[in-house]
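Protein chains in written order, with my numbering: chain A, 1 to 447; chain B, 1001 to 1447.
Derived from the structure by calculation, the hints contain no laboratory data. The C-beta atom is built at its ideal place from N, Cα and C for all residues, glycine as well. Any given hint could turn out to be false.
Unchecked claim - Listed next, the in silico DSSO-like pairs over lysine-lysine satisfying Cα-Cα at most 30 angstroms (straight line): (1) B:Lys1236 - A:Lys316; (2) B:Lys1011 - B:Lys1375; (3) A:Lys233 - B:Lys1233; (4) A:Lys337 - B:Lys1316; (5) B:Lys1032 - A:Lys316.
Claimed, not checked - Quick look at which bits of chain A chain B covers, simulated, 3 or more residues with Cβ under 8 angstroms: (6) 12–19; (7) 75–89; (8) 158–165; (9) 193–204; (10) 271–278; (11) 290–301; (12) 314–327.
There are 2 protein chains.
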Amino acid sequence: MLDDLFSYIDKSVDEYLEELKRLCSIPSVSAKGDHLEEAAHAVASIMDSIGMRTELHETTGAPVLTSWLDVDAKHTLLFYNHYDVQPAEPFDLWETPPFEPDIRNGRIFARGVADNKGDIVSRIWAIKSFLESDKEIPVNIKFVVEGEEEVSSPHLHEFVEKNKEFLRADGGIWEFGGAGIDGIQDAWLGLKGILYVQLELETLSHDAHSAYACYLPSAPYRLIWALNSLKDKTGKVQIDGFYERVRPLSDKEKQALSEIDLREEDLQEFYGITKFLDDMKGDELKEAYYNAPTCNICGIDSGYTGEGSKTVLPAKAMAKIDFRLVEEMDLGDILGKLRHHLDSEGFNDVKIAWHKGYPAAKTPIDHPFVEIVKKSNKAVFGHELRIQPTSPGSGPLYLFKDLVPMVSIGCSDFDSRAHSPNESMPIDNFVLGTKRLVVIMDEMGRW
Amino acid sequence: MLDDLFSYIDKSVDEYLEELKRLCSIPSVSAKGDHLEEAAHAVASIMDSIGMRTELHETTGAPVLTSWLDVDAKHTLLFYNHYDVQPAEPFDLWETPPFEPDIRNGRIFARGVADNKGDIVSRIWAIKSFLESDKEIPVNIKFVVEGEEEVSSPHLHEFVEKNKEFLRADGGIWEFGGAGIDGIQDAWLGLKGILYVQLELETLSHDAHSAYACYLPSAPYRLIWALNSLKDKTGKVQIDGFYERVRPLSDKEKQALSEIDLREEDLQEFYGITKFLDDMKGDELKEAYYNAPTCNICGIDSGYTGEGSKTVLPAKAMAKIDFRLVEEMDLGDILGKLRHHLDSEGFNDVKIAWHKGYPAAKTPIDHPFVEIVKKSNKAVFGHELRIQPTSPGSGPLYLFKDLVPMVSIGCSDFDSRAHSPNESMPIDNFVLGTKRLVVIMDEMGRW
Chain A
1 MLDDLFSYID
11 KSVDEYLEEL
21 KRLCSIPSVS
31 AKGDHLEEAA
41 HAVASIMDSI
51 GMRTELHETT
61 GAPVLTSWLD
71 VDAKHTLLFY
81 NHYDVQPAEP
91 FDLWETPPFE
101 PDIRNGRIFA
111 RGVADNKGDI
121 VSRIWAIKSF
131 LESDKEIPVN
141 IKFVVEGEEE
151 VSSPHLHEFV
161 EKNKEFLRAD
171 GGIWEFGGAG
181 IDGIQDAWLG
191 LKGILYVQLE
201 LETLSHDAHS
211 AYACYLPSAP
221 YRLIWALNSL
231 KDKTGKVQID
241 GFYERVRPLS
251 DKEKQALSEI
261 DLREEDLQEF
271 YGITKFLDDM
281 KGDELKEAYY
291 NAPTCNICGI
301 DSGYTGEGSK
311 TVLPAKAMAK
321 IDFRLVEEMD
331 LGDILGKLRH
341 HLDSEGFNDV
351 KIAWHKGYPA
361 AKTPIDHPFV
371 EIVKKSNKAV
381 FGHELRIQPT
391 SPGSGPLYLF
401 KDLVPMVSIG
411 CSDFDSRAHS
421 PNESMPIDNF
431 VLGTKRLVVI
441 MDEMGRW
Chain B
1001 MLDDLFSYID
1011 KSVDEYLEEL
1021 KRLCSIPSVS
1031 AKGDHLEEAA
1041 HAVASIMDSI
1051 GMRTELHETT
1061 GAPVLTSWLD
1071 VDAKHTLLFY
1081 NHYDVQPAEP
1091 FDLWETPPFE
1101 PDIRNGRIFA
1111 RGVADNKGDI
1121 VSRIWAIKSF
1131 LESDKEIPVN
1141 IKFVVEGEEE
1151 VSSPHLHEFV
1161 EKNKEFLRAD
1171 GGIWEFGGAG
1181 IDGIQDAWLG
1191 LKGILYVQLE
1201 LETLSHDAHS
1211 AYACYLPSAP
1221 YRLIWALNSL
1231 KDKTGKVQID
1241 GFYERVRPLS
1251 DKEKQALSEI
1261 DLREEDLQEF
1271 YGITKFLDDM
1281 KGDELKEAYY
1291 NAPTCNICGI
1301 DSGYTGEGSK
1311 TVLPAKAMAK
1321 IDFRLVEEMD
1331 LGDILGKLRH
1341 HLDSEGFNDV
1351 KIAWHKGYPA
1361 AKTPIDHPFV
1371 EIVKKSNKAV
1381 FGHELRIQPT
1391 SPGSGPLYLF
1401 KDLVPMVSIG
1411 CSDFDSRAHS
1421 PNESMPIDNF
1431 VLGTKRLVVI
1441 MDEMGRW
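Okay, chain A solo, but in the shape it has when bound (with noise of 0.2 angstroms):
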């Protein structure tokens, strides 16, 4: 029955590839500002290319674009997206460059192709499969698709407010996702929250000679002895307090995760490793995974760190800092926790340059639009789709919380690298991961 459009999909892979690989060109990192409005404007246009009618939302950040379909079904989907990146750096250690896209062993390569520039092509692809077959689409489509996500969506908050009616759907598919080690299909239903913090230290007015360590305060010392109070060896974060809101996890939690492989010597494997952190194996390892808040250093910075050496005493230090947060937990609340753990350290001179972030949110495991979502998975890719009641990953799903069910699928794999160099996307999931779509939307309009 839907033979029609798959046909298509298959006939127009190189042609989408083309599209991605235009899209994957232009470098909106988000963290430094650049290419942001670039990069909206070419979303907006590879919709209009289709039909679709598009806006450019302003906030006092990045535009949010919305684009929309309305083909009065009974049921609407819902696509939340974002345009922006992660920085590329360390940049030598691409293979080749990140903005340079380029399809080698039935990948492609590019900063942002798997998170999630893969997956914005990939949808606007399966809407474009019925257009061109002539078939009516089943559903109403919404996309939201923000500039900020990369640096923790500081402003989608504002558009959010402003447009919960045009945000209400019965279904919605969150930005990216895809196959896990095994080359299962994963759902994930859940983000963890996140507060992301820097520390900036300055304990001399300017660079001493390092001879002076004798006698003068080091800033790289301090936040070192200032970090080393956060959390221990066996990565327990030390600050008061900091576990007093997590929940254990539900009976229906507990049954999913049963169910669930970790995999670990895959994953072991995969990053090189002998053991995890604290040596934690079986339930505890998935209980960390699935319901542990976090304290990570993203980087640290201080005093000379070019080759050879150089004698200096640093005068400042800099640390960035992510917490990873579970449901309950407060942004504020932690973010207080911090200072007075710092303060009560003896580290009041240590300050916490700025911060930004959000909460954690689920959507419920019976949702009838996770078995639409379930039973698509099925026919397309021919396995069980694996449900995750939540991600070890953030995003600012609490926004959407009360106003549509959101599922996490999309076209990368466990090998996609989102975030690091070689950032790489699977061909074949690419064009699975569309048909999917194209089967979730014929079910909903069925629903």
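Chain A is fixed; fit chain B onto it per the hints.
Same frame as chain A, but now just chain B:
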């Protein structure tokens, strides 16, 4: 009697400032291996131009330049200098570019001008003043100018072993020196040793998305825990046996120190601090300054350190550390204890990627050459030279220990910012320091 020479010096200031500017325009950064041969040849050509003989000695590192003028005098004066400089980073803190020398407010600004290219030129200038005044030079002159002092002189020992006879002299002037915070000229008779190490750690085969901090080991955090274990918040090194070879100060040294005022308040104002490390004061501060080994972080780097945020779990982390050593402490011994410490704290994955350094050394306080320098200083500067039994800084003095009694004096002052942005030398001291050398040579002729 030396009026002609002083008059020549006063008339030729601009000429030698130009010479100094040319030398400081060469970015001879030994940490990067940049422009070293060029700087060696530039120094040699100045020496050639005043009729000295020069020779470049190959080592497995940068070449060592020697230069001499044998006038068949009874005594010989040796100068030790270096043609390399520290890296100039961070460039953005310089008011004028580090390798485009600038004169303002009675000072000359450039990387390396205080440490120690100004003193190289001053020493040649002093010799020239005898030649220009048709006055016979009263001492034989020798120069040893190496090119790797700022990276701990890893190859100077090769030269010294082969050229011990050349190095024997009745008095030696060490690379640089100058006035303290109170404007009083200092003479440094000793130097601490140094052990510089680069610690490196790799916990994953590639960077991961920071969401996986829930189960993956963190390179920056492991490095932080390791560095935290090396030193406590009072500055005390926690490596077992680290202090075991540290001898208390001798009575003569204590006597010299009792005449020294560290001018704590001025120092604090200069560095923009309200208290020293561990709130040290008075004798405790002097003890740290003259007799404490240190453990200092010169640089630390891991993950994303650019603008804004990137959510990454870095696979690698690196720290550059220098230990300052006092007499009797042995490089290999401390290195072994560091390795043992890291292993016993569970950080056998923290590698000592490379190390280098040398031990401490001192010239006896009561050597007659020290008396000549004191007398000459009084004649030119009008105040008593302050004798510092040792400097908190380092240099390969140990290589010269039984060959020549070295005294470290020069043209800098307390605001010279060696190793830091906006390094400079006061032009007044450039002139007076040169005249002091003339008197020292004259005094050595009557020794």
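To see whether the hints hold, each was checked on the structure:
no., hint, in the structure
1, B:Lys1236 - A:Lys316, "21 angstroms, holds"
2, B:Lys1011 - B:Lys1375, "25 angstroms, holds"
3, A:Lys233 - B:Lys1233, "19 angstroms, holds"
4, A:Lys337 - B:Lys1316, "29 angstroms, holds"
5, B:Lys1032 - A:Lys316, "23 angstroms, holds"
6, 12–19, "violated (count 0)"
7, 75–89, "holds (count 3)"
8, 158–165, "violated (count 0)"
9, 193–204, "holds (count 5)"
10, 271–278, "holds (count 5)"
11, 290–301, "holds (count 9)"
12, 314–327, "holds (count 6)"
Hint compliance for this structure: hints 6, 8 are broken, all remaining hints hold.
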